[in-house]
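S.K.: The listed protein sequences correspond, in order, to chains A and B.
Under the working numbering, the first residue of the first sequence is numbered 1, with each subsequent residue one higher.
Under the working numbering, the first residue of the second sequence is numbered 1001, with each subsequent residue one higher.
Incorrect hints may appear among the rest.
SDA-like, lysine to any residue: derived pairs with alpha carbons at most 25 Å apart [claimed, not checked]:
#  : chain 1 : residue 1 : chain 2 : residue 2
1  : B       : Lys1221   : A       : Lys182
2  : B       : Lys1221   : A       : Thr294
3  : A       : Lys64     : A       : His27
4  : B       : Lys1109   : A       : Arg25
5  : A       : Lys53     : B       : Lys1022
6  : A       : Lys182    : B       : Asn1233
7  : B       : Lys1164   : B       : Gly1112
8  : A       : Lys182    : A       : His262
9  : A       : Lys53     : B       : Gly1112
10 : A       : Lys53     : B       : Ala1182
11 : B       : Lys1022   : B       : Ile1180
12 : B       : Lys1221   : A       : Asp285
13 : A       : Lys53     : B       : Arg1144
14 : A       : Lys53     : B       : Leu1191
15 : B       : Lys1221   : A       : Val32
16 : A       : Lys53     : B       : Ala1114
17 : B       : Lys1109   : A       : Val32
18 : A       : Lys53     : B       : Asn1233
19 : A       : Lys213    : B       : Leu1268
20 : B       : Lys1221   : A       : Lys213
21 : B       : Lys1221   : A       : Arg273
22 : A       : Lys213    : A       : Arg178
23 : A       : Lys53     : B       : Ala1199
24 : B       : Lys1221   : A       : Glu39
25 : B       : Lys1221   : A       : Val300
26 : A       : Lys53     : B       : Lys1164
27 : A       : Lys213    : A       : Ser326
28 : B       : Lys1221   : A       : Gly298
29 : B       : Lys1221   : A       : His262
30 : B       : Lys1109   : A       : Gly198
31 : B       : Lys1023   : B       : Gln1179
Covered stretches of chain A, as calculated for chain B (at least 3 residues, CB under 8 Å) [claimed, not checked]:
#  : segment
32 : 72-84
33 : 171-183
By construction, these hints were calculated from the structure, which means they are not laboratory data.
Think of the CB as a built atom: it goes at the ideal place given N, C-alpha and C, for glycine as much as any other residue.
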Amino acid sequence: MSAANLVYVETEVRRHPRTERLLRRMHQRDVVEIEHYGEVFNPRSQNFRLQKKNPAIIIARKNKGQVLEAPPGYGLGGDHNYYFSHMLNCMYDCRYCFLQGMYQSAHQVLFVNYEDFAAQIQQIAAQHAGEPVWFYSGYDCDSLANEPMTGFSEYFIPVVAAIDNAWMELRTKSTQVRAMLKMEPLQRIVTAFSFSDGVSHARLEHGVPSIAKRIDAMQRLLQAGWPVGLRFDPVVYHPNYRTEFTALLEQIFSVVDADAIHSASLGSFRLTRNHFRDAARLYPDEPLFAQRMTLENGIVSYPRELEREMIEFCEAQLLQHMPRHSYHPCAWHD
Amino acid sequence: MLIWVCALHCEAKPVIDYYRLKKSHDDNAFDLYLGDDMACIISGIGKVACAAACAWIAARQAQQPSLAWINLGVAGAAEHSTGSLFSVTQVIDTDTGQRFYPAPFGASKIAGSACETLSAPSDDYREDRLFDMEASGFMYSCLRFSSAELVQSLKVISDNRHEKTGNNRPQVSLLIQQQISAIDAQAQTLLQLNEEVAALVPASAEWQRLTAMARFTQTQKNRLRVLWRYLLNRNFDAEQLLQQHAGQTADGIIESLQQLSYQDSESL
Chain A
1 MSAANLVYVE TEVRRHPRTE RLLRRMHQRD VVEIEHYGEV FNPRSQNFRL QKKNPAIIIA
61 RKNKGQVLEA PPGYGLGGDH NYYFSHMLNC MYDCRYCFLQ GMYQSAHQVL FVNYEDFAAQ
121 IQQIAAQHAG EPVWFYSGYD CDSLANEPMT GFSEYFIPVV AAIDNAWMEL RTKSTQVRAM
181 LKMEPLQRIV TAFSFSDGVS HARLEHGVPS IAKRIDAMQR LLQAGWPVGL RFDPVVYHPN
241 YRTEFTALLE QIFSVVDADA IHSASLGSFR LTRNHFRDAA RLYPDEPLFA QRMTLENGIV
301 SYPRELEREM IEFCEAQLLQ HMPRHSYHPC AWHD
Chain B
1001 MLIWVCALHC EAKPVIDYYR LKKSHDDNAF DLYLGDDMAC IISGIGKVAC AAACAWIAAR
1061 QAQQPSLAWI NLGVAGAAEH STGSLFSVTQ VIDTDTGQRF YPAPFGASKI AGSACETLSA
1121 PSDDYREDRL FDMEASGFMY SCLRFSSAEL VQSLKVISDN RHEKTGNNRP QVSLLIQQQI
1181 SAIDAQAQTL LQLNEEVAAL VPASAEWQRL TAMARFTQTQ KNRLRVLWRY LLNRNFDAEQ
1241 LLQQHAGQTA DGIIESLQQL SYQDSESL
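With the rest of the complex left out, here is chain B (with noise of 0.2 Å):
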């Protein structure tokens, strides 16, 4: 899952627009749109706002083996063009100097930059960073329920020392919009990461029946967690798996899944 973490509605326009995601109505803290395998919520400006809303979407998708992010929005910046496209690599917190850095992954060719995030808006540009309000909540947040590789932020320049567009909410979106194949790519490349990081985790049904089977101490859990992880990721049939070791005892299970485990794993 690939949830999108937007400020103002109309940063999140292009993207709701672009992979016709659906807003849900079952929600009511935070205005939340949805696909199959992403989801888009509109935070509210501010640090707080936003990890505020991205704790409760990662609350709401625990379910999920994992979780990829991206936060989009614009940024101001004192000499790059309006409408030019960003990857933060590092973010800077202006009121605790605390410092996050996203790790970047993928052959796109989105430019990097730090960004600074403030607590008000401010004109005070500095030559060689990006100036947001969100960016620091977002990886505060984030980061507590995925690697850094799995949670990035792009933001698309809307205000520089010469140009000010970011309170015309339409040119915000348009600026996006201009911008969303490159962003569309990189939400591919995180995609695609994210599913080979959930591959590695069981499905939660089948653990959930496996643990049912028997009475398993915490300790014999976490064996038994390791061998079926295991024998999983080396495609064995999790059903079959079940259906063999119905009715015997915590000890018999992970015995015999311990032996299926040696003998795969003999050869290398």
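Next comes chain A alone, as it looks inside the complex (with noise of 0.2 Å):
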């Protein structure tokens, strides 16, 4: 028995059709019924580092505020920007991700109320009628990497599409796209897909599939006409990152035409102190957290000074491959 083993249900939703779906491809695990998530899920004495090395499933519902506005700073420069999460955790295990630290547990939640969550996308839509709202996918998960699990892309798409001023974006390291090229392309639907340089991806990104095989998913989606952005956030600080963050954008763009990219975003390596603090607890040994880095307004990040050069350099390079109106800096300063 290990905890990879084992899916912990909540009574309420152990006979909704998606969670029946979701055990019978689970029929291997033994299931613990639960009363609420949070039982599992919440309490402190859990090792997060332990955990996610072999996280279960937890399937449940989310009762309320299943669609939040985004912080400030958040999105791609719209006026109505709002984000929601159909899974707690990510099944990646990205050593700089915010993630490490937010959850006393690594296990995976899944919520399977759906309807509840395109309900409010539709209410949230109509409150800010004529003008394009956009939802954000994959804040506190990756948004397609268990699509062949949770159907995610398969249900939300449609939503979305049915309501004229909502677009979404789903933000992801997978390769699961499948689903989606299934599908009519809808130029309201952005894939963003998220990259670090070869020695980063090498050294923080645990799990992730390699950068080639997501430049080839990308480039099946644009290819099949639907739109996908690229997302450098975080770069990480290393005495090469120069030459690697080059070569990465010189691997992007001699597979997919710069032209076709709907959008594109770079911000460098940062945590609230909070996060940054949990994430080091739980990886003393983690060169990343052991960096020059400085606290500003509850803030951990590199000195201003490395900041500004890493981020003007990475800027510029990009730009010689996109146009500007595509490009959207992380402003997380203001």
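Now that you have both chains on their own, put them together as the hints suggest.
M.R.: Given below as structure tokens:
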């Protein structure tokens, strides 16, 4: 018996059709019925680092706050930005990610009441009728990584397609685009692929598909007519970041037509003070958390001068390939 | 350090024999058996006795960087055959309704089950769970000292609707002894996991020496701990670092360790 062989299910959704579909896929797992996912997910006496090696699945219902307003500065410049997460936690293990310090548990919570999420999306879009509203998925999880299990894009893309003023970003490091390739492309759905340079990928992105495979997935979506975006966030410092970032861009744009990219954004590594502290406690042996950092307005990041140098360099490289109007810097200092 | 917690001596006997644990004659609050990297404590029957035993031994082992725990004992079940082994995935205290979730780890093939902890023996079985008298006290206490991944409960069925062997002590030992290979496999996994956690904690003697080298404020100590843990986990030699920094001020030590840490981490 290991946690990976367990699936915790809230009694309330035990007979939900989506739960039953999930349990059929995970038929080899033992099912433990629980009242609320917080019973398993929230207790303090859990070791995230150990759990991350072998996480269990928790199937639950999200009772409120399914769709929330995005923090200031998040997004692609639109006036109305919201985010939602059909899952908590990610199957990948990126050392720079705030999810390491976010929850007590590394188990993956999967909310099955998609209809309630959809109702909130419809309601919010209706509040801003006539104006574009962006819905960002992939904040507390990877949007597509668990697609074969969750059927997330299969459900939510038609929901957004049916609302004229709704736009959605699916942020991912996965290559799970098969479901989308079976659908008619929609210009209001942007699949944003996150990339780090080769050194950062090898050292910090544990379990993430290779850069080449993700470029291939991106290209398949583009060829099928779907808009795709590029996210270089966070850029992590190491002595060869210039060469490596340049090489990454060359690798991407040798396959993908830069003019076809919907948008690109970039930002340097940063975490809130608490997330940084928690992640560093979990991984006291991790060089990323031992690098020279500063604390400013509750955010731990590289010293300003280094950060400016990194962003200016990466921006200049990116703009050699892409038009400026497609570029959206992550303006987190504002 | 792995600590076995058993209510009765007959439940502990297979473990004591298998690992050749030796009785400690220094203790009289609870019967205690010791080995190199494990201990086995006999708590007595009931969740309160079990919680007390766990707290007592945790206090005695406070110098250990990390503790792992296995509550091993017999349980009742409606239909499971006697002698079958289960890893508990959910513990329900029937008095309080409180629930606990051990986080099973490793690739063992032991089946999982929920377990209800009762205050008194009962024959009122329900189909889908086990019944015991200690697990909730065990979880309540141990989760104060260790994370859920290091706190496991293994139960061997001694009683069901058709057969009752729970009062036959030699038979209880035999039922557990017959599962000792699977139990040992689980223990080895847990020991490995515990070592992994313990390895991240710098040795306490060296930390004491470091903090005695200068007058550190609490804020400085917090920073020092982060730097010290990082450097030791990156295989810097503790003895050498201590010698290099002898006679320096608190600020000097921190600044020097910080520079080492920056240099080491720059390349990721």
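S.K.: If you check each hint against the structure, which ones fail?
M.R.: Of the numbered hints given earlier, those the structure breaks are 1, 3, 5, 6, 15, 20, 24, 26, 29, 30, 32, 33, listed in rising order.
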